[in-house]
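Go ahead and model the full structure; you've got the sequences and the hints to work with.
Sequences listed follow chains A, B and C, in order.
For the record, in the first sequence the residue sitting at position 296 is 296 according to UniProt numbering, with numbers rising by one throughout.
For the record, in the second sequence the residue sitting at position 55 is 55 according to UniProt numbering, with numbers rising by one throughout.
For the record, in the third sequence the residue sitting at position 137 is 137 according to UniProt numbering, with numbers rising by one throughout.
These aren't lab readings, by the way, just hints derived from the structure by calculation.
Any given hint might turn out to be false.
[To be verified] Pairs of lysine-lysine residues, derived as DSSO-like cross-links and limited to a Cα-Cα distance of at most 27 Å, are as follows:
(1) K27/B with K105/A
(2) K105/A with K87/B
(3) K270/A with K87/B
(4) K14/A with K134/B
(5) K38/B with K11/B
(6) K103/B with K92/B
(7) K47/B with K270/A
(8) K298/A with K157/A
(9) K298/A with K204/A
(10) K92/B with K105/A
(11) K134/B with K389/A
(12) K92/B with K149/B
(13) K113/A with K298/A
(14) K103/B with K149/B
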Amino acid sequence: MSELLLPPEHRYAKIIKERLNEDGSELSILNLGPTHPATHGIFQNILLMDGERILDAEPTIGYIHRAFEKIAENRPFYQITPLTDRMNYCSSPINNMAWWMTLEKLLDIEVPKRAQYLRVIVMELARITDHIICNSILGVDTGAYTGFLYVFQFREKIYEIYEEICGARLTTNMGRLGGFERDWSPKAFELLNTFLEEFPACWKEFENLFERNRIFIDRTVNVGAISAESAMSYGFTGPNLRAAGVDYDVRVAEPYSSYEDFEFIVPVGKSGDTYDRFCVRNAEVWESLSIIRQALAKMPEGNEYHANVPDYYLPPKEDVYNNMEALIYHFKIVMGEVPVPVAEIYHAVEGGNGELGFYLITDGSRTPYRLHFRRPCFIYYQAYPEMIKGALLSDAIVILSSLNVIAGELDA
Amino acid sequence: MALENTQIQDKVTETFGESVMHFRQEKDIFTFEVSADKITSVILFLKNEETLNFHFLTDVCGIHYPDSNVNEQFAVVYHLHNWIENKRIRIKSFINGETPEIKTISNIFLSANWMERETYDFYGINFIGHPQLKRILNMDEMISFPMRKEFPLEDSGRTDKDDRFFGRTPSNC
Amino acid sequence: MSNSNINIVEAPEGVSGEGFFATKLNDVVGLARANSMWPLPFATSCCGIEFMATMASHYDLARFGSERVSFSPRQADMLMVMGTISKKMAPILRQVYEQMAEPRWVIAVGACASSGGIFDTYSVLQGIDKVIPVDVYVPGCPPRPEQIVDGVMRLQELVKSESVRRRSSPEYQELLASYNIK
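Here's what the structure looks like:
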């Protein structure tokens with residue numbers, strides 16, 4: 001093996017030298033990653049193997065460390081959204097909205113109900129895309145490519161809705177302080193309604209393909225199980241924690257953006273294994289769909305899409321060119337001349353993978369003094385070596401994809 | 001009955017006296033400071049005391065205050081959460097700028113392990129008793145601690161961007 | 001099932017007669033290479049997700065002869081670097097490139113791979129062309145799947161017109177030497 005990836009004086013080398021199995025076979029080292037095709041992202045794990053069985057694992061991360069927190073200290077507040085996009089790029093609107101809500105908490109801005117509902121819709125769409133990716137890739141890893149090809153068509157449909165709302169597909173940079181940059185077009189609602197009509201049939205089929213599938217059950221039940229206690233100690237949140245049977249959901253515990261107006265259940269699993277994680281995500285997709293329907297039904301009349309806060313809300317470009325007041329506000333916001341209170345804020349939302357928190361410290365200047373991201377992936381990925389101990393190599397891959405570790409969020 | 005701030009304050013001051021201070025409500029989170037040598041016992045107390053029951057460690061991170069006096073140049077911030085009462089608290093601990101060190105809490109919460117490694121990686125804060133305190137995100141060969149305020153954001157060795165063409169001087173970027 | 005709308009690539013220029021067709025070896029080899037590019041996806045971050053969309057049913061990169069995604073560098077023709085390459089990752093990227101057999105091509109997909117993108121920081125490599133030679137750059141953060149497909153098509157154009165002797169030419173050796181690749 002290359003010395004680049006595994007230094008010769010590794011502790012596993014010593015274990016191998018000392019231990020010999022009864023039948024005379026030796027232990028071996030396997031280097032999984034950082035660019036292994038089966039790991040969907042760049043994680044390196046050095047595995048100590050006894051045949052097919054994993055005895056110990058040593059993870060190395062940081063292969064796409066991009067210094068988000070350092071960049072954030074050098075950027076004005078409204079330029080930090082593009083960073084949050086690139087953190088969990090499977091569900092970027094949640095990250096965007098979470099950042100705006102953090103700032104609104106800092107500045108005590110009340111967002112109109114309609115904008116809050118629009119936010120709920122887009123956040124739930126993002127949760128659906130996140131779970132589509134995770135579950136369909138789990139299918140690919142257990143040998144079912146069909147499911148992936150099938151449900152990805154619907155992910156494209158969600159992207160079309162995003163495009164209609166903000167113009168971008170993946171890294172959306174959506175919204176403004178206090179709401180959205182523009183009202184949603186009728187086309188966006190039309191696409192959304194078509195999606196709501198067509199997607200349930202597809203997702204039902206996807207579920208049928210897997211949930212009672214013998215091969216899938218054999219590959220996932222009791223694989224990578226984690227108990228509720230140890231999941232909590234490892235800082236699990238989100239679907240992975242709920243699969244272990246703990247019904248903690250930030251949307252319920254600390255409702256933001258009017259989540260208290262909607263009725264939904266928090267699906268929980270029992271054993272915390274890969275199958276439960278899969279089922280919890282499936283069930284969450286149904287709940288998300290129901291939340292979107294409720295939000296559409298309860299949507300207040302009118303076309304309010306942002307709060308009336310000219311000090312912070314970037315005015316529309318046409319006003320900037322035609323209207324002096326708008327130009328002044330635009331200038332003041334862009335040049336960072338708007339005073340920001342000195343405060344410490346922690347705001348958490350339920351991201352695709354768990355509690356996504358922003359810890360923001362301001363000192364009154366145009367950039368944050370310190371911005372720390374509580375990234376769920378980073379915190380729960382440290383349980384991975386513990387979870388794959390004693391498992392087979394092929395199980396390790398399945399466990400990793402069921403945890404839905406997003407490299408961008410992991411390494412920040 | 002919901003868990004009140006005063007209740008937490010009373011309990012903690014009763015047990016730790018002078019070592020806990022500056023109780024305050026910061027926006028929606030109750031915050032207080034702990035002297036660095038008592039951090040493990042305070043967190044253990046908050047976790048195990050039955051009425052408090054802060055059983056979930058949400059976050060650990062560091063902050064650099066280069067302009068403060070030398071004993072308060074770094075802070076380590078802990079966010080704890082009691083899911084049953086749905087109460088969050090924030091604990092801050094200021095430490096010395098020249099030899100930043102604090103005891104680890106990775107034996108209390110397993111999740112603290114990587115969060116402390118990340119804090120070490122960014123700020124060079126030494127967590128005493130940590131099982132494997134080494135860099136996590138950056139390369140092992142790196143010598144600087146990049147999140148300290150004195151280190152620049154951009155790579156100093158880059159050759160592709162000439163500051164003169166961007167109107168930048170050391171003072172304005 | 002009808003196969004009537006399958007396009008067949010046009011034959012290169014040449015002389016044809018009864019039962020024979022004569023053309024340049026260059027053109028034939030270029031044609032064959034260009035239409036069976038096996039990609040090695042080196043996906044690290046956001047652009048990798050768009051690559052997944054490119055490979056999936058909606059955009060279907062297989063239409064351009066890239067049906068088989070080769071995860072072994074030994075059997076791949078085109079290295080598609082998608083996403084941010086940090087300084088920690090750079091030696092690994094380089095090793096993957098060195099493991100590829102000639103002829104090999106590289107596409108830098110997305111702003112990060114091309115230039116570091118918005119991440120002008122201490123930990124990010126400012127463009128993969130600092131460590132390996134690049135043939136096609138695809139802009140965008142992330143590029144749309146159409147753009148990735150366009151990048152592949154541009155590369156196909158390059159491949160078609162490449163001389164079979166290029167890889168042993170002194171210029172090419174010089175290029176590799178400038179990257180310190182043997």
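Holds or violated: K92/B and K105/A, Cα atoms, limit 27 Å.
holds, 21 Å
Taking only the CA atoms, is the gap from K27/B to K105/A under or equal to 27 Å?
With a Cα-Cα distance of about 8 Å, the restraint between K27/B and K105/A holds, given a limit of 27 Å.
Under the criterion that the straight-line Cα-Cα distance not exceed 27 Å, is the pair K105/A, K87/B satisfied?
With a Cα-Cα distance of about 17 Å, the restraint between K105/A and K87/B holds, given a limit of 27 Å.
Given the hint that K92/B pairs with K149/B, test it: the Cα-Cα distance must not exceed 27 Å.
holds, 19 Å
Hint consistency between K38/B and K11/B [alpha-carbon to alpha-carbon, up to 27 Å]:
Roughly 15 Å separates the two Cα atoms, so the pair holds.
Given pair status - K134/B, K14/A, alpha carbons within 27 Å
holds, 21 Å
If you draw a straight line from the CA of K113/A to the CA of K298/A, is it 27 Å or shorter?
This hinted pair holds, its Cα atoms lying about 10 Å apart.
Is K103/B close enough to K92/B, meaning Cα to Cα at most 27 Å?
Distance of about 13 Å is within 27 Å: holds.
Regarding the pair K134/B and K389/A, is the alpha-carbon distance no greater than 27 Å?
holds, 23 Å
Is the straight-line distance between the alpha-carbon of K47/B and that of K270/A 27 Å or less?
Holds, at about 25 Å.
27 Å limit on alpha-carbon distance, applied to hinted pair K298/A and K157/A:
Holds: K298/A and K157/A sit about 23 Å apart, inside 27 Å.
Compare the distance between the alpha carbons of K103/B and K149/B with 27 Å, and conclude whether the hinted pair is satisfied.
Distance of about 23 Å is within 27 Å: holds.
The structure fails none of the hints (numbered hints given earlier).
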